[in-house]
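There are 2 protein chains.
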Amino acid sequence: MQLRIPPGDNRPRAICNACGAIHYHNPRIVVGCIPERQGRILLCQRGIDPRRGYWTFPAGFYEIGETLAQAAARESLEEALARVQVGSLLAITHLLHAAQVHMTFRATLLDDNFGVGAESLQAGLCGEGEIPWDHLAFPSIDFALRCYFADRSAGREQLHFSTAERALGGGAAAGSPRAL
Amino acid sequence: MQLRIPPGDNRPRAICNACGAIHYHNPRIVVGCIPERQGRILLCQRGIDPRRGYWTFPAGFYEIGETLAQAAARESLEEALARVQVGSLLAITHLLHAAQVHMTFRATLLDDNFGVGAESLQAGLCGEGEIPWDHLAFPSIDFALRCYFADRSAGREQLHFSTAERALGGGAAAGSPRAL
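Heads up: the protein sequence lines correspond to chains Y and D, in order.
Residues in the first sequence are numbered from 1 upward in steps of one, following this note's numbering.
Residues in the second sequence are numbered from 181 upward in steps of one, following this note's numbering.
Since the hints were derived computationally from the structure, they do not count as laboratory data.
Please note that the accuracy of each hint is not assured.
[Said to hold, decoys possible] Stretches of chain Y that chain D covers, calculated by requiring three or more beta carbons in the stretch to come under 8 angstroms of a beta carbon on chain D:
#1 19 to 30
#2 136 to 144
[As the list claims (entries may be wrong)] Quick partial rundown of chain D residues pointing at chain Y, CB under 10 angstroms, derived from the structure:
#3 N206
#4 R208
#5 I244
#6 N293
Even for Gly, the Cβ is constructed at its ideal location relative to N, Cα and C.
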């Protein structure tokens, strides 16, 4: 493999010296949702790196063959054994250095029978005054939650954009993640 | 390379038999915009496959290191030498079999000095009654344009979702693409 600019292109790409195949690398989508039930929202404590021990709503890499809403529902099921109905798109955060776009939807948690998924340490419902702001996993989680509560207070549903220049998390474990 | 399900995962991934590296494949984002000036919108006739000869607004693969709006502006410059101001998000189309998500923004064309980019055959401004509906390049282009004009008529700016099950285009050249 060698980094070269293919003919007609304007960016270096990974090109196989043997067969000439061009391997494009493009940003990946991380999709999630904020499931609400009776005014409280569902958060999970991450059980895997990066940012093990920190808190997030259900979110993960968007996979081939599903819609964004289906992906958000799948992540809720995987991370918190939660059944959700996905609503409107709330926030898009560009993580430039991580080559990721985080897309977060509003959602409704359909019943109280959630649990702790294989990649989580805990899961629980959390009122607006109980959000562990200092122990959120990623800047995009913080941004989406702030937009969520601001819109909810104002009785509106808007789409919000943000950009984070630095890479996500550090892979370090949480110092003292606050329990829900 | 071998397709296997890694430990803790639930999908087959391409895994290198020599070093164990997992090569994830995720959907790619195609980002574009509909630049409007004095009531007309900017369309380009594609000069490359797939769908050479068919019409589209400026759009292309989202690259690392840019925001979605910056990508939409870059594509306008590359495909139609056009300077645009990107506005609100108009449409998201899931292309399930192509493993793509097409995201289209509203935009304003800032001046009349556009032209024909290296990957285009023609570019031109087009009123709502002049859209070459039968010669659009992709279902996502058709969907976004219909949403655009419906919202414009209604004086609103909403975000619209659609899903296309079949793969994009066929790579075949256009039979008789209509000139603008």
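Hint-by-hint comparison with the structure:
no.: 1; hint: 19 to 30; verdict: holds (count 6)
no.: 2; hint: 136 to 144; verdict: violated (count 0)
no.: 3; hint: N206; verdict: holds, 5 angstroms
no.: 4; hint: R208; verdict: holds, 5 angstroms
no.: 5; hint: I244; verdict: holds, 4 angstroms
no.: 6; hint: N293; verdict: violated, 21 angstroms
In summary, the numbered hints that this structure violates are 2 and 6.
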